[in-house]
Each structure stands twice: as C-alpha cells, then as structure tokens.
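J.: Here is how the chains run, residue by residue.
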Amino acid sequence: MTPETARTIAVDVNGVSYEREVEARKLLIHFLRDDLDLTGSHVGCDTGNCGACSVLVDGVLLKSCMLLAVQADGTSIRTVEGLGSDGELDALQQAFADHHALQCGYCTPGMLMSASWLLERNPRPSEEEIRRAIQGNICRCTGYVNIVRAVQAASGQEVSE
Amino acid sequence: MLLREVEYARPSSVDDALRLLGEHDGARALAGGQTLVNVMKARAASPDILVDLNGLDELKGIELGPDGTLEIGAMTTYTEIVESAEARARPILGEVCAQIADVQVRNRGTIGGNVCSNDPTNHLPPLLVAFGAAMTIRGSGGERSVPAEEFFLGVYMTAAGPGELLTKLTIPAGKGDGFASLPIGRDGTCIVNVAASLDGGAPRVVVGCVDAVPVLVRPESAEDDAVRGAVRAAGLQPPDDVHAPAEYRRHLAEVLAVRAVRAAKERAS
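Which chain is which? The protein sequence lines are X and S, in order. For what it's worth, our numbering labels the leading residue of the first sequence as 3, then goes sequentially. For what it's worth, our numbering labels the leading residue of the second sequence as 7, then goes sequentially.
Hints may contain errors.
What the hints assert, rightly or not - Not the full set, but computed from the structure, chain X residues with beta-carbon under 7 Å of chain S:
{"#": "1", "residue": "Asp48"}
{"#": "2", "residue": "Gly50"}
{"#": "3", "residue": "Ser56"}
{"#": "4", "residue": "Val62"}
{"#": "5", "residue": "Met68"}
{"#": "6", "residue": "Val72"}
Honestly, the hints are just simulated from the structure, not real lab data. Note that beta-carbon positions come from the ideal geometry of N, C-alpha and C, so glycine has one too.
Could you build the full structure based on these sequences and the hints that come with them?
T.: And the structure:
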C-alpha cells in the first residue's frame, strides 16, 4: 500500500460500469462531469454548501464536491441522469415540472437527489421533514415553496397552500 | 476546484495508517472529508499525502456496555449515531448530531473528524467535555486515553498529535444532559453553544465558540443564578466578528448556559 498520485478506479454509475485512471486530487463531481460526461450534477458553490452536486454513493446521499473520485472506487453511484427511464420523467421529476418547482434549474439535479433519497426512506414525509431533507440544497429562485409542494405531490399527499 | 497535487493511500488496518502517518511529515488523515477537502480547495491545508481512514472498519461502530458506557469508533458518521439504538443510551448525543449541517454532511462526516478538526464552533467538543468522555489515541508507541477536557488544545489542535490517530470515544452512562445554541439559521454554524451535564455531582457546563477550546465552568448548583454567575465569573473573552460582537456572545453564553442546564434538569428528573 504505497501512496499514489493517480490510480485506476472502477465504478458503476446509473447501471453502467466505467474503469478510468484518475488523479488522486480529482473531486468526484469533476470525475462525473469531465471524465464521464455526466453533466447533470452541477458545481454550484464548490465549498460544500449548496448541494447542487449531490449524488447517491452506494445508496447514501453525499455532496460529490467533498469526496475524491478515488474514494468512490468500487462503489455504485446514482446521479440525476439515473432518475426516470427511457426518456420519461419519474414521478418526482414530473411533480417538479407540474408544480413549477424550478426556475433557473441550477439546483434541481441536487434537489431531486435529496428529495428522492428522502422518499426512499420516508415515503410520506411531513412538510417539516421535507424542509429538513433539502436543507443541504440551496435554491435562490423558488423560496422552496414549490419544491416542498412537488415533494408532497410526488408522495401522494395533499399539497400545502 | 482542482486540488493541489496530492498522493492518496487507503490503508486496510490502523497499523498501516499509523505507519504512513508516521513515515511522512506531510501526511494527513482523511476522515469524512467534510472539512478537510474544503480547506484543501482553499489551500488553507495542503497535505502531501492523504491517508484515507474510510476503509478501516475497526474504527467504525457503536457499542453499549452493560453499565451504560458507550464506545464509539472515531469513523462513525453523524447519521449512524442519529439512527443508532445504542446511542440513545445518552439521547442528547444523537439529538446534537442531528443539528450538524445537513443530511449530506451528516451522512459522511464523522464524530472523530468533528473533534479532531476542533473548530471552535463545532458542536461536539463542548458536548464531549460535558460528558467527561475519554478519547483513545493510538500512535506507534501504543495507545493512551485522554480526558476530553485535556484533548482540545487550541484552534484546530488536539492531543492527537502528528503520527497519531483518535480511534475511539468512550462516553460514560448518564442522561441528565442539555444543549443550547444560537446557530446561524436552522442547523447552521453556532454563534455560541453550551452543553451541560448534571451526571456525577456538580453541573458540568461547557461553553463553545467563545475561546480556542471549549470552556468548562463548574457552577455550585444547577440553579439559574448559580449557572449565570459561574459563566460570568469565567471572564470569557469571545471573538468579535460579523455574526456577533464579543459583548453579545458573553450575554449569549449566560443565557444559553441557563437553558442548557434547565434542559438537563428536565431530563435528569
């Protein structure tokens, strides 16, 4: 076990296997965007605050700007491109569209990953639980109101006035 | 952000990690990375080698002893603590961990990283001092146990020195605990936080965010006036910054100490 400046990693992203050599200093978000051309996940603040880069790594919601790509070796990753199928939106994405839960759309990929992680673990979250679940995702357009409504709708609940 | 070039190793045993940290001056342990990776982006830290502790299962997990003592591996995440049935033996621990940052950070950030980074605004240093927790540190020369109140040495400095690792935190049984803070927004960075524990005799009231290390205050009783007076007598010299002037932090320290002790009393009864 010798320290290395680069190593070959194998990851599964949205069901597709990739093997690439990456520099140790490369953040997972840049590996996804620049090496794999999966540009759905966004770099917002690059300081770990905004959550636009949120992805699931082995089923755990993380900010991919605070993980090195080499640390993801052997994991299974899900990004926003992994939501929906065959060009169809999933229920959560459709609810975002229906409830006008995005304006500029920059935060949306991370917001969707946080909301989908919430709904996997808590299929009928309260408004408070929804708000706490998306606390690590900053949206500067919507004031969060329509995002909360979309998550309520996606979970088959009445939408807050 | 592209980090400065760095070497990476992912040891499979604590001994290997200690060997790497001991052999290279520029080596640094990488726990959850929720602080370290960001300070590396800003070049506030530029380690030559990152020794990733995430593969070390021996540093993970929560054990509850028959006497109620909790032993928590340094690489246990906040989320694991929040969701742990064992950790509920000392309920305040999970409650405070649930107030740290956000879901994503809690899923990756670790209890060991929180205390070893020892940012004066962190939640867990005051709480662990209030508990009278013991920190187990391993180095090439073996293992030693350091009381939490001697573990925190300065801003970003702890008793876990170069070439050493915090491996385990031992929290004695108890339940009479309280925590009060004024954060910047819900679950945000604390302007002042106070942890209090009434287990084991006189109250242990610990004020965070007001000095380089958590400040332990020992009021004679858990009465409001005694607590307020003891915090005042500590002569705190908190920082003055954009979030609060020093005078306001001194005021908050007294108010939050009273609230933390009241919460602890309620739980103790």
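J.: Determine for every hint whether it applies to the structure shown.
T.: A quick look at each hint next to the structure:
Residue-level restraint check for Asp48/X holds (minimum Cβ-Cβ distance to chain S is 5 Å; threshold 7 Å). Look at Gly50/X: its Cβ gets to within about 5 Å of chain S, closer than 7 Å, so that hint holds up. Proximity of Ser56/X to chain S holds as hinted, the smallest CB-CB distance being about 6 Å (cut-off 7 Å). The interface hint given for Val62/X is met, as the beta carbon of that residue sits about 5 Å from the closest beta carbon of chain S, less than 7 Å.
Given the 7 Å rule on beta carbons, the hint for Met68/X holds: about 5 Å separates it from the nearest Cβ of chain S. With a cut of 7 Å, the hint placing Val72/X at the interface with chain S holds, because the nearest CB-to-CB distance is about 5 Å.
Checked against the numbered hints given earlier, this structure breaks none of them.
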